[in-house]
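As you go down the protein sequences, you meet chains A and B in turn. Note that the first sequence covers residues 1 to 456 in my numbering. Note that the second sequence covers residues 457 to 908 in my numbering.
Where hints are given, some of them may not hold.
[As the list claims (entries may be wrong)] 30 Å max Cα-Cα, derived DSS-like pairs, lysine-lysine:
hint: 1; chain 1: A; residue 1: K363; chain 2: A; residue 2: K260
hint: 2; chain 1: A; residue 1: K76; chain 2: A; residue 2: K58
hint: 3; chain 1: B; residue 1: K816; chain 2: B; residue 2: K787
hint: 4; chain 1: B; residue 1: K776; chain 2: A; residue 2: K260
hint: 5; chain 1: A; residue 1: K430; chain 2: A; residue 2: K352
hint: 6; chain 1: A; residue 1: K228; chain 2: A; residue 2: K260
hint: 7; chain 1: B; residue 1: K787; chain 2: B; residue 2: K776
hint: 8; chain 1: B; residue 1: K713; chain 2: B; residue 2: K787
hint: 9; chain 1: A; residue 1: K260; chain 2: B; residue 2: K787
hint: 10; chain 1: B; residue 1: K787; chain 2: A; residue 2: K104
hint: 11; chain 1: A; residue 1: K78; chain 2: A; residue 2: K228
hint: 12; chain 1: A; residue 1: K189; chain 2: B; residue 2: K787
hint: 13; chain 1: A; residue 1: K84; chain 2: B; residue 2: K776
hint: 14; chain 1: A; residue 1: K260; chain 2: A; residue 2: K78
hint: 15; chain 1: A; residue 1: K104; chain 2: A; residue 2: K228
hint: 16; chain 1: A; residue 1: K260; chain 2: A; residue 2: K76
hint: 17; chain 1: B; residue 1: K816; chain 2: A; residue 2: K260
hint: 18; chain 1: B; residue 1: K522; chain 2: A; residue 2: K76
hint: 19; chain 1: A; residue 1: K76; chain 2: A; residue 2: K352
hint: 20; chain 1: A; residue 1: K78; chain 2: A; residue 2: K352
hint: 21; chain 1: B; residue 1: K816; chain 2: B; residue 2: K805
[Unchecked claim] If we take Cβ atoms under 8 Å as the criterion, some of the chain A residues that face chain B in the derived model are:
hint: 22; residue: N97
hint: 23; residue: H193
hint: 24; residue: H275
hint: 25; residue: L281
hint: 26; residue: A311
hint: 27; residue: A314
hint: 28; residue: A334
hint: 29; residue: V336
hint: 30; residue: I358
[To be verified] Anything over 10 Å on all C-beta distances counts as not near chain A; from chain B, calculated:
hint: 31; residue: K518
hint: 32; residue: A525
hint: 33; residue: L651
Calculated directly from the structure, the hints in this document are not laboratory data. We put the CB at the ideal spot given by N, CA and C, even for glycine.
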Amino acid sequence: MSADRWHWRAIVAATVAIVALAASGLAAAQTPPAPGGGDGIHLGVASCAGDNCHGAVKRGEFSSVEQNEYLIWSLKDKHSRAFKVLSTEPALRIARNLGLPGGKRAAETAQICLDCHADNVPESRRGPRFQLADGVGCEACHGGAVGWLGIHISGAPHRANLAAGLYPTEQPLARAERCLSCHVGEGNKFATHRIMGAGHPPIGFELDTYTAIQPAHYHVTAAYIARKGRPNDMQIWAVGQAVDLKKRMDLLIDPNNAPKGATPELALFDCQACHHAMSQLQWRARAATGLGPGQLRLYDANLVMLRVIAARVAPDAAEALATHMLALHQASAAPVPDYWAGVQREAAAVRKAAETLIPALEKHEFDQGDARALAQALIAVGVGGADLDYSAAQQQYMALQSVVAAMNLLSFADVAQINALNDALGGIGKTLADDQAYRPEIFVAALRQFEAKLPR
Amino acid sequence: MLGAITIRVSRALAAAAGAVLLAAASPALAQGQSQGQSQSQPVTGIHLGVATCAGDNCHGAKQRPKGSAVLGNEYIIWGSRDRHRNAYRVLTEQRSIRMARALGYKDAEHEPRCLACHADYVPESQRGAQFQLSDGVGCEACHGGASGWLGIHISGASHDANIAAGLYPTDRPLARAEKCLGCHYGDKTRFVDHLLIGAGHPRLPFELDTFTAAQPAHFVVDPAYIARKGRVTDLQVWAVGEAVALIKRMDTVLDPKRARSGLLPEFVLFECQSCHHNYDSLHAPRPTATGLGPGTIKFNDANAVMLRLAASRVAPDAAKALSAHMMALHKATTDDWAGVEREATAVRKIAAALVPLLTKYEFTADDMRALSGGAIAVGTGPDNWQSSHAEQVTMTLEAIVTSLRSAGIVGNAQADSMIAVLTQYKDVANEASYRPEPFVKALRALQPGLGK
Chain A
1 MSADRWHWRA IVAATVAIVA LAASGLAAAQ TPPAPGGGDG IHLGVASCAG
51 DNCHGAVKRG EFSSVEQNEY LIWSLKDKHS RAFKVLSTEP ALRIARNLGL
101 PGGKRAAETA QICLDCHADN VPESRRGPRF QLADGVGCEA CHGGAVGWLG
151 IHISGAPHRA NLAAGLYPTE QPLARAERCL SCHVGEGNKF ATHRIMGAGH
201 PPIGFELDTY TAIQPAHYHV TAAYIARKGR PNDMQIWAVG QAVDLKKRMD
251 LLIDPNNAPK GATPELALFD CQACHHAMSQ LQWRARAATG LGPGQLRLYD
301 ANLVMLRVIA ARVAPDAAEA LATHMLALHQ ASAAPVPDYW AGVQREAAAV
351 RKAAETLIPA LEKHEFDQGD ARALAQALIA VGVGGADLDY SAAQQQYMAL
401 QSVVAAMNLL SFADVAQINA LNDALGGIGK TLADDQAYRP EIFVAALRQF
451 EAKLPR
Chain B
457 MLGAITIRVS RALAAAAGAV LLAAASPALA QGQSQGQSQS QPVTGIHLGV
507 ATCAGDNCHG AKQRPKGSAV LGNEYIIWGS RDRHRNAYRV LTEQRSIRMA
557 RALGYKDAEH EPRCLACHAD YVPESQRGAQ FQLSDGVGCE ACHGGASGWL
607 GIHISGASHD ANIAAGLYPT DRPLARAEKC LGCHYGDKTR FVDHLLIGAG
657 HPRLPFELDT FTAAQPAHFV VDPAYIARKG RVTDLQVWAV GEAVALIKRM
707 DTVLDPKRAR SGLLPEFVLF ECQSCHHNYD SLHAPRPTAT GLGPGTIKFN
757 DANAVMLRLA ASRVAPDAAK ALSAHMMALH KATTDDWAGV EREATAVRKI
807 AAALVPLLTK YEFTADDMRA LSGGAIAVGT GPDNWQSSHA EQVTMTLEAI
857 VTSLRSAGIV GNAQADSMIA VLTQYKDVAN EASYRPEPFV KALRALQPGL
907 GK
């Protein structure tokens, strides 16, 4: 290693020592590393961005990673702008609409915004170089580095880093929990319909697709596989759907989101059920909900996906999911005053079914047969007309992307086949570009074109 | 249209009809009961069918019969221009077939829920030999089954005698409001809820005076009319119509079967554009005088806003109380269902108490000016992104223009041109075609003609 690198490491080591001192002086209340932000001191993006560490223009000779992770994040990843966006005009308008105090700094100082637009750990866990303005920086996802930066720099194996507190983002469940804590929400970290109505954009998500388009700041190389194992996009997709559904059910059961006055928490419902032109008669019967026209339906696109997955991996669970979701939809429209107990009971049952599935999904080795069967089942959801809501079409599209990504990574198809599939995916994507212009027939036609490209 | 500024209440109202009217006017309204059913479909008379009225010496005449108190062409107007005649036929069209399928009905033309308003849907036992469901909303759907009064009616009995014998008093604002709104808003048994709307039923924009004219009316207010039925002004019809519409709306809120289901409120009670907008283009911020925060669905308060306007001239204290309770109702929709019911009860009571005052009140030229100013203020105000506000403002202004014309304050040509402008905004059912900005511009252009 170069002298420069040693020099840099010395600085970091010194910093770590200072921070550690400061921390021990501040409080013995430092919590052990744990998923969800209960981790150590966050040293700040600057601590990771050194040009010999994760801010390198060129990969170091012996590095197991690209080393340009900081550059990708800061140049291409929207997480790096998560805080800055809070001072833009749209954000200020949202803050005004919500009546947040603070004028031009209203959004940048409001906890409800900062909890997801920055690495909003308590003051006591912010190191000297930590800056809220870094937005969703390294440690927002990878955890506060104070406990592990030392060994991490010294080239410890991945396992040792994890043992010292690095957050295991490569593990599907851990990644899902981390991403979805903002991208669906949990507890008070939740973009309610009030926030949406104030101007916040809708939040679409699928774990595997969003990992890729972030864009990912890692490559699955031999070194990656040696250190972290081989990822499977289908598994990431599957676990993501289960966790997404679990979190949605948590939000539905949360007393904070119970109906108030005449109004339920509308963010838990399917956006396009309401947000469409009245001239556009769009209602279609769905056996999975049993709801009639004009009845607002709970967002259930994740559940539809999880059913497809479970039907392949754990058929009994698929049936339980279907039964309880139908009952949940029915309870959501049941006569007052019986409905709330029903909603809670069925949401808890759906949650349990999703949670029970997770270990099976984590264990399951999604293979070539699964890829083919899942792709066919996903296509069938649309082509068969079981669910052609825009929200479902979006999830079908992202799911197919994950399946194709897995086929590529696991060499289930040759390059020409993958390219043809990706072209067909592009065609599906086009039909979903604008939710108001979405037409199921056109989406179905694009699905059929994709189907024709699937390797036999 | 109805004309004249004075009202002459006929004292010769016979006891039977008087009882029906009074029942509608006070006790039932005040007690919070919907009586649309009993009002609109008297149980006694047999409905003889449109053919009974359509004779060319009766209401199917091409020329006014000599000495006739009416034009005699009422059937012809209805049969050629009034959409009520198509009410049944529309049930056999493609849109209805699709709706019926969505709702799980065998078809629309045999479905009681559809027939209740798309035909003169009286029980079999009340259908005469010439009665046909396929006549749609025919004569007796509004005027009542004729078996009891056709005899004296043909023999030239007085209007009061006809009413005493069972003719429905459509000339009287409250009775007309009850009859029309029984379908054009709905009641306990006939109600276009969001289930129907979601299946494809059109919205129901309505204002009593404008819809009377647009039907088109099959009467003219001439001396013979006034001698028989008295004078009723457009603004009385408008004001009473708004009050009864508001009462019926509150009846829905207070009806546990209709107000809520599960997590969801009955969405037709709310402003369509609250939800039906493209969230990419975020109409936000959507200003509102109600104090509601972002992301809330707004109760459709257009009738209340118009009634407040009428009351501001007739009973200012009631106008203030109405305002206060509506604000409280809006707020309660976001946090307190018991509060919703409490405030809806209060609003209903105020509206019911206003009905007799509005029925009697003689709107003056000053009132007309003030009302037009008030309506324009609503139309140019913060809540004008709502099509319901735009619709009610437009139709209110049309009633005012008609009154100004009747009072000789505005000439025919000017009134026609103002109504032509307003007509463009009467039905903004498709929000894609409605933009507040041009509407505001049109209102501002009308303002000078309306006398400020």
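Examine each Cβ of chain A, and state whether all of them lie more than 10 Å from the Cβ of A525 of chain B.
holds, 44 Å
Can we keep the L281 of chain A interface hint, with Cβ of chain B closer than 8 Å?
holds, 5 Å
Satisfaction of the N97 of chain A interface hint, Cβ to chain B closer than 8 Å
holds, 5 Å
Holds or violated: are the alpha carbons of K76 of chain A and K58 of chain A at most 30 Å from each other?
Answer holds: K76 of chain A to K58 of chain A is near 17 Å, not above 30 Å.
Satisfaction of hint between K228 of chain A and K78 of chain A, Cα-Cα up to 30 Å:
With Cα atoms ~25 Å apart, K78 of chain A and K228 of chain A stay inside 30 Å; holds.
Could you check if A314 of chain A really has its C-beta closer than 8 Å to a C-beta on chain B?
Hint violated; A314 of chain A Cβ to chain B Cβ min 29 Å, cut 8 Å.
Would the hint linking K816 of chain B and K260 of chain A be met if the CA-CA limit is 30 Å?
violated, 41 Å
Between K787 of chain B and K104 of chain A, does the CA-CA distance stay at or below 30 Å?
holds, 28 Å
Would you check the hint for K713 of chain B and K787 of chain B, treating anything up to 30 Å between C-alpha atoms as holding?
holds, 22 Å
Quick check on A334 of chain A please, does its C-beta sit within 8 Å of some C-beta on chain B?
With Cβ-Cβ at 5 Å, under 8 Å, it holds.
Between the alpha carbons of K104 of chain A and K228 of chain A, is the straight-line distance 30 Å or under?
violated, 44 Å
Is K363 of chain A within 30 Å of K260 of chain A, Cα to Cα?
At roughly 41 Å apart (the allowed maximum being 30 Å), K260 of chain A and K363 of chain A break the hint.
Checked against the numbered hints listed earlier, the structure breaks hints 1, 3, 5, 6, 13, 14, 15, 16, 17, 18, 19, 20, 26, 27, 30 and 33; every other hint is satisfied.
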